[in-house]
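Line order of the protein sequences matches chains A and B.
In terms of the working numbering, the numbers along the first sequence are unbroken and rise by one, the last being 634.
In terms of the working numbering, the numbers along the second sequence are unbroken and rise by one, the last being 255.
Hints may be right or wrong, so weigh each one.
Stated by the list, open to error - So the derived label-pair ranges between C-beta atoms look like this:
1) L200(B) with W512(A): 41 to 49 Å
2) I188(B) with N606(A): 13 to 21 Å
3) L200(B) with M566(A): 16 to 24 Å
4) A569(A) with N211(B): 29 to 37 Å
Unchecked claim - Cβ-to-Cβ under 8 Å is the rule here; a few derived chain A residues that face chain B:
5) E528
6) E597
7) G614
8) T621
Unchecked claim - Think about it this way: if two alpha-carbon atoms lie no more than 30 Å apart in a straight line, the pair counts; the simulated DSS-like pairs of lysine-lysine are:
9) K625(A) with K186(B)
10) K550(A) with K186(B)
11) K520(A) with K609(A)
12) K609(A) with K625(A)
13) K550(A) with K609(A)
Just so you know, the hints here were simulated from the structure itself, not pulled from any lab data.
What you are looking at is a predicted structure, and each value in this text was computed from that prediction instead of being measured.
For every residue, glycine included, the Cβ atom is placed at its ideal position computed from N, Cα and C.
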Amino acid sequence: MSFFLSGIVWLLLYLFAKGAEPYHPEEIVSGLSVLGFLCLGYMEMMFKICRGFSHTLVTDIYRMQSATWQQVTSQFAEGVGMDEMLRRRIATMEEGGLFTVTGNIMKLTPRGAVIGNLTLRFKSFLRLGAGG
Amino acid sequence: MHTLALILTGLASFTLFLCVHILLWRSIHGEKGITLLAQLSLGSILLMTVIADVWFNVRWQDVLVVSLPLHAFLTLAYFHLYVGTYRSLSVRILNELAQAG
Numbered sequence: 503m504s505f506f507l508s509g510i511v512w513l514l515l516y517l518f519a520k521g522a523e524p525y526h527p528e529e530i531v532s533g534l535s536v537l538g539f540l541c542l543g544y545m546e547m548m549f550k551i552c553r554g555f556s557h558t559l560v561t562d563i564y565r566m567q568s569a570t571w572q573q574v575t576s577q578f579a580e581g582v583g584m585d586e587m588l589r590r591r592i593a594t595m596e597e598g599g600l601f602t603v604t605g606n607i608m609k610l611t612p613r614g615a616v617i618g619n620l621t622l623r624f625k626s627f628l629r630l631g632a633g634g
Numbered sequence: 155m156h157t158l159a160l161i162l163t164g165l166a167s168f169t170l171f172l173c174v175h176i177l178l179w180r181s182i183h184g185e186k187g188i189t190l191l192a193q194l195s196l197g198s199i200l201l202m203t204v205i206a207d208v209w210f211n212v213r214w215q216d217v218l219v220v221s222l223p224l225h226a227f228l229t230l231a232y233f234h235l236y237v238g239t240y241r242s243l244s245v246r247i248l249n250e251l252a253q254a255g
């Protein structure tokens, strides 16, 4: 949403700065592409810091200076722990309507099944392995 | 016409990047990192800049100002899809559930 809003603001500013001069389409393409690149780059950075597994691990080890395997798993994400982190992720995905949890049984919703199958095909097409 | 040529150069370099990426990823076994993907992206825009300049008379300076940002934007969007699918824990959970039936 903010991406589209910033695009509209940029366009208005561009037209305002141009004034009576004729505008050039290549300038608009270039400007919007740079804006899109910066927005996506910022999104990537935010995701890495907020939800990135590897970055959280690096931050934890930096915070503890050195850590054992036990400490890393129990103190993951500043004391949250791996199990709790996984529980939270599953709760978020359940709230997002990707699957339902009844007792110990997790079952994909139709939307979750579509995403699960499409991403499996993508990984299989590029021969990526399980990933995650 | 000039604008169209610049946009097409950006799109062509992204298409070249995707094609080489798919070919390599399907033929090379083992770990293929993000660094290789970034190198492919850089190589494809450089090659398309030369091709546009030499064969289609599109100034390389214009390519750098218009086609490069377009290519970089499309490539970063693809990186989001690639990393979001391959490295995501949530996607891995969905995959495990989908495979379990």
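Each hint tested on the structure:
no. : hint                             : in the structure
1   : L200(B) with W512(A): 41 to 49 Å : violated (28 Å)
2   : I188(B) with N606(A): 13 to 21 Å : violated (36 Å)
3   : L200(B) with M566(A): 16 to 24 Å : violated (43 Å)
4   : A569(A) with N211(B): 29 to 37 Å : violated (60 Å)
5   : E528                             : holds (5 Å)
6   : E597                             : violated (12 Å)
7   : G614                             : holds (6 Å)
8   : T621                             : holds (5 Å)
9   : K625(A) with K186(B)             : holds (13 Å)
10  : K550(A) with K186(B)             : holds (20 Å)
11  : K520(A) with K609(A)             : violated (56 Å)
12  : K609(A) with K625(A)             : holds (22 Å)
13  : K550(A) with K609(A)             : holds (28 Å)
The structure fails hints 1, 2, 3, 4, 6 and 11 (numbered hints given earlier, in ascending order).
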